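Those sequence lines, one after another, are chains A and B.
First residue of the first sequence? That's 1 in the numbering used here, and the numbers climb one at a time after it.
First residue of the second sequence? That's 1001 in the numbering used here, and the numbers climb one at a time after it.
Note that these hints are calculated values from the structure, not bench results.
Any given hint could be a false lead.
Pairwise CB distance ranges, derived in the manner of DEER restraints [as the list claims (entries may be wrong)]: (1) B:1014 to A:36: 55 to 63 Å; (2) A:206 to B:1057: 46 to 54 Å; (3) A:189 to B:1024: 13 to 21 Å; (4) B:1106 to A:124: 47 to 55 Å; (5) A:196 to B:1128: 35 to 43 Å; (6) A:206 to B:1160: 39 to 47 Å; (7) B:1158 to A:206: 47 to 55 Å; (8) A:163 to B:1088: 45 to 53 Å; (9) B:1128 to A:209: 29 to 37 Å; (10) A:206 to B:1257: 39 to 47 Å; (11) B:1183 to A:209: 49 to 57 Å; (12) B:1096 to A:142: 48 to 56 Å; (13) A:196 to B:1024: 16 to 24 Å; (14) A:129 to B:1003: 32 to 40 Å.
Residues from chain A that face chain B, not an exhaustive set, calculated with beta carbons under 7 Å [stated by the list, open to error]: (15) 62; (16) 112; (17) 155; (18) 188; (19) 192; (20) 196.
These numbers come from a predicted model, not from an experiment.
Virtual Cβ for every residue (Gly too), placed ideally from N, Cα, C.
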Amino acid sequence: MASKEEIIAKAQESITEFDADMAGEAAKEALAADIDPVELIEKGFTAGMQIVGEKFEQGSLFLPHVLAAAEAMNSGINVIKPEMEKRKSKTESKGIVMIGTIEGDIHSIGKDIVSSMLSIGGFDVIDLGRDVAVSTFVEKVKEMKPDVVASSALMTTTMVTQIQLEEQLKEAGIRDQVKTMIGGAPCTQDWADQIGADIYGESATDAVNKVKEVLL
Amino acid sequence: MAIDYALRMGDGKKIFLSKDQLLEEIEAGSADAADLGEIPSLSGDELAKLSEILMMPGKTVSVEQGMEVPVTHDIGTLRIDGDQGNSGVGIPSSRLVGCMMHERAFGSDTMELGHIDYSYKPVKPVVANECQAMEVCQQNMIVPMLYGAMPNMGLYYTPDGPFENPGDLMKAFKIQEAWESMEHAAEHLTRDTVWVMQRLFASGADGINFDTTGAAGDADMYGTLHAIEALRKEFPNIYIEAGMAGECVLGMNGQLEYDGKTLAGLWPHEQAPLIEKAGENVFGPVCNTNTSKTSAWNLARAVTFMKAAVKASNIPCHVDMGMGVGGIPMLETPPIDAVTRASKAMVEIAGVDGI
Ligand code: B12
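The shape of chain B in the complex, shown without the other chains:
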């Protein structure tokens, strides 16, 4: 009798696949990434290794000894206290407690302080509060403490900000105006991030994390790259990390360039050199999970993309792993069987430098 292996759908549902089905899924997943990104698909050995990881009998798996990698956290500060549908556990605790738990109990190698609104723009009026919290964290902790938030360029558009919403403008076929609105918003985004971080660096932050870069499309990435450049110039020794919002930069503008490259439509391996050029220390590439496909398909696809990104990057790649990214199902409490398998495959096959 053929043995069936317990896997997941991208939405977390448990499924059972035979070995042949599993092999078909990973081949197809890798081929999909190869086709979209015009990158090599996984080799026969790599596919075999991936299938081994997926078929391991244990509920959880781990990397081989000696292959451990650093683990960094983004809004983890709030992961303990918060419970907003994004894997928070809702245990009342301060941000300091959240950070210290990650350092001392969970073994995080770096931590990040973030505000509940988690975008740079709303941090402006409460920056003194953030500086105070950063100082208290620094006095109590040893691991590098970054400050992090989302560039979230959408906040610069109506009804939340001063510039007309390009989505509305485009629906009215006002393309030129939409482009101008995006460019203005990108300038404000650069300016605000630099202003906020000048204050946080004065309060001892070791670095900055741009979380979900490109969430509002190519102009969001454009604004972020310019902010990175400006910060690098002003603070040559700080630690700058940028994680992406998705695998492909959405072309909301379509014509913005950085270093002579059109930003719209870039895949992780094409994003890496630009992020590095802007002055980053660490890149956080993303691959999205398709909820209608199996975890085998999704993981093979994600590993294929990440392997190409690692190869293209001279700076460390800390792959984004969480609900709905990095081959992990889209579920509030991502299933541990899928999370540990995805993590092992990212380290041992894609060769990522961290998670």
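Bound-form chain A, shown alone:
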């Protein structure tokens, strides 16, 4: 039988090789060898995901690869889920992030990447789409109570509408119930500070890391 180190290495490799079958096998072997599922996830699958994430950031792997890696991770996790539930180390959702491109702006490519990376990172993502009215953001926040509401603006002419989002959340009396996050090429940390947004994310990975910092 394979050693614990070998099984964990295999789990990691299954992610970096985007191999869902291998991930499932590694998970089964881990169960048979009585390895703690949390350890398998952290040192195996998540460590593999970390490598894939770094390569994505460097530009040597691309979004479909990250998705394929996430898919492999899901097959592995599905195998160990029953065991985890027994041990009560439940994999809860890390939080809900609502995202959309701000009113008047139809640029969606960057927003889509951010939303995919957030769901890969374990967050439940509610994607409101593009050209989303400020009033819609506010209504949906009331209705769905996300932990973070994120707006993307790709134009200097639409980023100003992010101020209105801050204000209308205040007017609706729900600003303190939700963290706001902004991003998109013209936005900066300075801009976030100026308008009172809680989080500024420069890239998709930066957004995931910062949401983790705030929520976890």
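Model the placement of chain B with the ligand on the given structure of chain A, informed by the hints.
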């Protein structure tokens, strides 16, 4: 007392840096490009020259005499009339007036006719209008008149087009379907561009400009390269120009290749040979501005990338210079101090053939 030099942040905000800070910024900017693109960073002499340009006392600067380069315009036709947040000035005028002003008053060396929707797909139903406008421009003007628009492959996906949106498919982990959708869209993109241009060449266009190539990622670039190839075959003597959407080709597909090279993740110096191979006459490389960094950092980075692209390219490189690209801040009216410094550095250090 140390003298501080007036510079900009990438979002246009005015800042003041000491000479030492300025030198640190340009070294770091150049190193960032060198690291990402695996290309040489600027030499000591080049960094010194760049710092000189940035520290020049005048509000505007210019290239040295004898170093002037051609200036071409993309959607400039609409720059006078339009005002959509992209540096338009909103003065009511026809497209002919816009083109002629660029030729006769602003000294453009080539001009481009473009439609307000500015993508090839929506030009299809109004192509007769475009042909008419091209003919009138040609009758009144001397400089080469290109026809231009964006490949904008996003228009082939739902809700704007027939193929399922790969963004939605990928979010549902349907990677295979997403890939297929992109490949179908690329075929349509090639077909539409060729169809539109067959008509415009019949109306006397001197060439075509593919503006913001790769905006929807690697499949957008794939479709464009095939369109260039098809046009070159059918029209051996026309003038073909392709400008990029960004510095790095986004890997929305990740596996599409051209001439045996994976398109995703290519930097300007790697894009140039492929564009040339497809049959281009002029390449428009791009370097994006980071709004959170200084203009010194951004310009050094942009010059480093462009220098490598010029070196790798046998065809002329006309660098994209405008709001948010080419070391220029991201502002509707790009500040003239930053624009002229960036232009001078591109010509004198990166050695670009045109702007
Ligand atoms: C692709 C593109 C388009 C496509 C968009 C397709 C689509 N479905 O998204 C099309 C062709 C439709 C388009 C249209 C227009 N565009 Co446009 N477009 C671009 C372009 C070339 C690239 C943008 C892009 O997708 N980048 C790639 C992605 C991955 O990067 P990103 O969006 O920055 O996202 C990253 C980060 O910013 C961050 N991020 C993004 N969103 C968020 C959100 C959060 C919450 C967080 C934390 C992080 C985050 O993470 C992402 C991944 O790392 C830019 C120029 C450029 N090179 O940047 C112009 C640009 C943005 N467009 C511009 C303009 C003017 C327009 C038009 C008005 C043009 C016109 N005259 O018709 C229209 C807009 C109409 C409208 N009402 O919105 C201008 C904006 C100028 C300004 N005032 O600021 C630009 C800068 C070009 C220019 N210099 O003129 N465009």
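Hints, verified against the model:
Taking 55 to 63 Å as the suggested C-beta distance range, the pair residue 1014 of chain B and residue 36 of chain A conforms, at roughly 56 Å. At about 38 Å, the CB distance of residue 206 of chain A to residue 1057 of chain B disagrees with the hint of 46 to 54 Å. The hinted window of 13 to 21 Å between residue 189 of chain A and residue 1024 of chain B holds, with their beta carbons roughly 20 Å apart. A C-beta distance of roughly 53 Å is found between residue 1106 of chain B and residue 124 of chain A, which places it inside the suggested range of 47 to 55 Å.
In this structure, residue 196 of chain A and residue 1128 of chain B break the distance hint of 35 to 43 Å, their C-beta atoms being roughly 52 Å apart. Roughly 30 Å separates the CB atoms of residue 206 of chain A and residue 1160 of chain B, a value that falls outside the hinted 39 to 47 Å. Here the CB-CB span from residue 1158 of chain B to residue 206 of chain A is close to 30 Å, at odds with the stated 47 to 55 Å. Taking 45 to 53 Å as the suggested C-beta distance range, the pair residue 163 of chain A and residue 1088 of chain B does not conform, at roughly 24 Å.
A beta carbon spacing of about 53 Å between residue 1128 of chain B and residue 209 of chain A contradicts the range 29 to 37 Å that was offered as a hint. A beta carbon spacing of about 30 Å between residue 206 of chain A and residue 1257 of chain B contradicts the range 39 to 47 Å that was offered as a hint. Taken as a hint, the range 49 to 57 Å is violated for the pair residue 1183 of chain B and residue 209 of chain A, whose Cβ atoms sit roughly 33 Å apart. Checked against the given bound of 48 to 56 Å, the beta carbons of residue 1096 of chain B and residue 142 of chain A, roughly 52 Å apart, stay inside it.
Look at residue 196 of chain A against residue 1024 of chain B: about 31 Å separates their beta carbons, and that is not inside 16 to 24 Å. Range check, residue 129 of chain A to residue 1003 of chain B: Cβ separation about 51 Å, and the 32 to 40 Å hint is violated. At about 2 Å, the closest approach between the beta carbon of residue 62 of chain A and any beta carbon in chain B falls short of 7 Å, and the interface hint on this residue holds. The closest approach between the C-beta of residue 112 of chain A and any C-beta of chain B is roughly 4 Å, which is under the 7 Å cut-off, so the hint is satisfied.
Nearest Cβ of chain B to the Cβ of residue 155 of chain A: about 5 Å, under the 7 Å cut. The hint holds. For residue 188 of chain A, the interface hint holds, since its Cβ comes within 7 Å of a Cβ in chain B; the closest pair sits about 5 Å apart. For residue 192 of chain A, the interface hint is violated, since its Cβ never comes within 7 Å of a Cβ in chain B; the closest pair sits about 10 Å apart. Given the 7 Å rule on beta carbons, the hint for residue 196 of chain A is violated: about 18 Å separates it from the nearest Cβ of chain B.
Against the hints set out earlier in the document, violations occur for numbers 2, 5, 6, 7, 8, 9, 10, 11, 13, 14, 19 and 20.
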